[in-house]
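Colleague: These are the residues of each chain, in order.
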Amino acid sequence: MATNTINQIAELSGDAITLEERTPFQIVMRRFRRHKLAMVALVVISVILSLTILAPYITPFDVQEINVGKYFVPFGTVDEATGRTHYLGTDNIGRDYFSRLIFAGRISLAVAFISVMISETIGIVVGSISGFYGKWLDAVLMRFVEFMLTIPTLPLLLIIASMLLANEALIPIPPVILNIIGKIMLLGPRDARSAVLIVLVLSGLGWMGSAQLMRGMILSLREQTFVEASRSLGASNIWIILRHMIPNALAPIIVSASLGLAGYVVAEAALAFLGFGIQDPVPTWGNMLAGTQTYMFDRPWLPLVPGLPIFICSLSFNYIGDGLRDALDPRLKL
Amino acid sequence: MSVYLVRRVLQMILVIFLSSVATYALLSLAPGGPLAGLRQIQQSARFQITQEDIARIRAHYELDLYLPVRFSRWLIGQPRGPLVIGGKEFFSDLVIGCSQPIEEGFLNKKSGAYETRGTGCVKYVHLQDLVGRRTSRGIMLGDFGLSWRLLRDRPVSDLLWSRLEKTLQLIGLETLLSILIGVPLGVYSAVKQYSKFDYFFTSLAFMGSAMPSFFFGLLMILAFSIIPKNAGLPYLPPGLSESVRDYTIPLLGTIAAGSAADRILHLVLPVSVLTLINISFWSRYIRSSMLEVLRQDYVRTARAKGLKETVVIMKHALRNGLIPFVTIVVFTLPGLFSGAIITESIFAWPGMGRLYLLALGDNDYPVAMAIFFILAVLTVIATLLRDILYTVVDPRIRLS
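Protein sequence lines, in the order shown, are assigned to chains A and B. If you use the numbering used here, the first sequence closes out at 334, no skipped numbers anywhere. If you use the numbering used here, the second sequence closes out at 1400, no skipped numbers anywhere.
Each hint can be trusted.
Have a look at the derived ranges for each label pair, beta carbon to beta carbon:
#: 1; chain 1: A; residue 1: T121; chain 2: B; residue 2: L1385; range: 28 to 36 Å
#: 2; chain 1: B; residue 1: M1314; chain 2: A; residue 2: D329; range: 32 to 40 Å
#: 3; chain 1: A; residue 1: V140; chain 2: B; residue 2: L1385; range: 17 to 25 Å
#: 4; chain 1: B; residue 1: W1161; chain 2: A; residue 2: G134; range: 40 to 48 Å
#: 5; chain 1: B; residue 1: L1385; chain 2: A; residue 2: L54; range: 51 to 59 Å
#: 6; chain 1: B; residue 1: G1142; chain 2: A; residue 2: L308; range: 41 to 49 Å
#: 7; chain 1: B; residue 1: S1195; chain 2: A; residue 2: D329; range: 25 to 33 Å
Computed list of lysine to any residue pairs in SDA-like fashion (alpha-carbon distance at most 20 Å, straight line):
#: 8; chain 1: A; residue 1: K36; chain 2: B; residue 2: M1207
#: 9; chain 1: A; residue 1: K36; chain 2: B; residue 2: F1206
#: 10; chain 1: A; residue 1: K36; chain 2: B; residue 2: F1200
#: 11; chain 1: B; residue 1: K1229; chain 2: A; residue 2: Q293
#: 12; chain 1: B; residue 1: K1315; chain 2: B; residue 2: S1288
Covered stretches of chain A (chain B as the covering partner; in silico rule of three or more C-beta atoms under 8 Å from a C-beta of chain B):
#: 13; stretch: 147-155
#: 14; stretch: 163-174
#: 15; stretch: 268-277
#: 16; stretch: 295-302
Quick caveat, the hints were computed from the structure, so don't treat them as lab data. Virtual Cβ for every residue (Gly too), placed ideally from N, Cα, C.
Okay, chain B solo, but in the shape it has when bound:
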């Protein structure tokens, strides 16, 4: 077991490292970024941006360093300067970047396009120049660097922390409700297979799992917010996590902005959209795994020895039927952090999913990358957790 765990953890670290390489490769491919628009400004006579200004900005965002060096600083926060052993500095003249590249424009004869290409370097960056430069502690140690656009030059982690609570609220509640409602529904419909309820419910669940969440979200806003409001009936707020000013709902009276009632009312729509869609997937899953278990010999034995049907189902069938379901529940862990992108964006919910979308739309790649990286790490952890949980709920499975 412990050998297995050690091997798995080593594998996990490898996977996390590889995914960080992939993430960083994407990040460095990204156009736009902090230098976007600088070229246009450079042309205009009003601003007079000099070569030194550009070099300074490039140094600020570490764009003057070569890719491997940049990657290493992003990952583990090293190197920060020359290697110091016993008071002596080594490699201080090592070239690690270029602060003023020579860019030549030329005509690409094949495609006919005008291209600029770096052809040399006026001023190199050496290892000793890194001393005193601001640097992150590295993403491996939980420092995600600075935001480019959304909160310019503020730590990405500030942004993440500010959004985490709302996402946990939303997804936590959704997961809880989905389990509480979805499991009994799935079990009931398996026990009463081919009954009217089963037919009705399975076809409803089938439709639910084919329903795109963005369309469903809009329909819910229509049905519970816009139409009742226009008709003068009690309605639910269609967006945001709390209201900016007090508002009056028929029958419920005036609701103060930011009060508990206000927050709960705002939670209802997004949570029910997520929950309903989730239930349609989970309950179908539980139904089919319960059906399989109910056909097993030990269930027949339990019935044959005269146990009550409720005991047979609750004690013998359900516990075995839920084993595959563990996998699914464990994989809500990444979602708890990353949120629900579509639903959050429809309901303007200030959570992590919407932050991710905003960051991608605004070219704030450090933020998007941080979220994606944490998501990948959580996924890897969830995989390990699932395999361990399997042995807990089903002692027949051995890890090796």
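Pulled out of the complex, with its shape left as it was, chain A reads as follows:
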């Protein structure tokens, strides 16, 4: 009886003293939840993402389906013949705005996500090599990166996109990649080709920032004792980079990736808006917005339909990045 009580007391005091153990992920999530706007943004993005993933099931009309004679019908018009609703009306040649908007979101967001993945990978690799091996390779790479970062992005993006799109047929892209991208974006192989090119252009010019970031992290990590310890245990360079440096440098990379998503959504839309991105029959938010420009004088609400999603996505990714930065490392400045 007495021992039982003592055990109970010991158990209780044990509970009181040792804190509940949390994984780093839980700690980050706790801190992230404190950023109200970032949480709202996360919910908004999740809703938009699930809408675009479910695109084929929730859109009443086909993307290319033209309803002859039903041009610019108002919001919520019901198609008598089939009973389907034009939630956001139709465009100038009678295509359903809502369906196109959802599919456009799928393409625009997929382009942004794939570009971020590629560019962050390139950035991590180049930054690691440059920071770890140093010497002349570092000097050459970083000079190049610095120069590229100082050149205004848009002119460079435009000139390369226009060259690539003009030479579209000449650029060899493995059919496997075209197939995968086509599946993700629900495009045929021909349309997928220009989407792949846009991804290439965006990520080809987008990796420099994260390479600089990664290099900086590697340079400071290289002097840490755990790296020294690992080396004294006989670890190879590759092992040290993969096992110790990249995981430790991941926090700023994640933040820059989420801010990068905002940048890519806007950049893709800008290219399409200016006519150097994915072209019209395939919907993207950018080319839909460009399409409304001619008709906005009579229908002022029109630019809002494709424009707001771009703004909302850009803002949300920015807020998420902001929240992640606060959660992962409050001292971090990007």
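Dock chain B against chain A, hints included.
Modeller: Coordinates of chain B only, in the frame set by chain A:
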């Protein structure tokens, strides 16, 4: 210092040379161009284009020369003919190109596509043939060659000069306004950190920096041009840099086309779009650098010795807080020349950015390349300027 400068200038020349190589590589990759459509015309019976015609056109655009020769002529305007030393001509028989290539079509078995490929040459171009050919003085000496499409066979520099004034107007005004408004806003919001104004302003600036300029431009046209006009209120012109004919604005009366009032009215919308977006970036930057400075010991010392708060901020904090800002302001230099592509295209502003877009859309690559090349050069110059300015505003930094 002078050793440093010499080294930097040499580096600059190397970078400019490399970027000109890259630009030219892009240019020669470009399809379309002056020969586009010639093949189709060649097939039609009406036009009867002979081999000689094609050779002549190819020579006109220098497409008959080999790439390195073409590049060298584009870059420095050489070679122009045989090497003449003491009245004697050397290398006059050197083959430098092919005016009539043999093109054979065949079926690519792997991809199943029909391809044409140059397999030989009927007539070569020799160095002596270059004598008397029209040539540019080279892009290094500021001669950008001739336009292909926009102003066919007229110098690219004519086009550039015609657009420069409007872009300088737009971007110059924007930069000036952004500094005049953005700096005080950023400083004020740093000084009053966590105040209502600070919260309101930083969240507004956050949204502004996430706002895509093309959407913002369209919204501004809606809000200040289309909706007021439809409602019969005073409105701002939505595009162009000056009007073609006189127009009447309620309350303001009739405005003559091309008058000063007309031009100013046309400037308002594009300048405010650019300025508002710019302010949201710059003021956030200034706010964070001011916050850092305000935490420094010397600011506390200044306060401790009883200086007025305005003196502390204006004299001690601001001057140090603006040091990193110099970098950003210097990098508006390339933009002063190249303009704002998106905003100019939305407002149909006849500036350099729109010219660039038109040139790219119309495959007029010499024009696009010239703009891009100047942009790269200005960027390199801005980098050097920034590093020098750093030592001026902050004597602690030494160049070495």
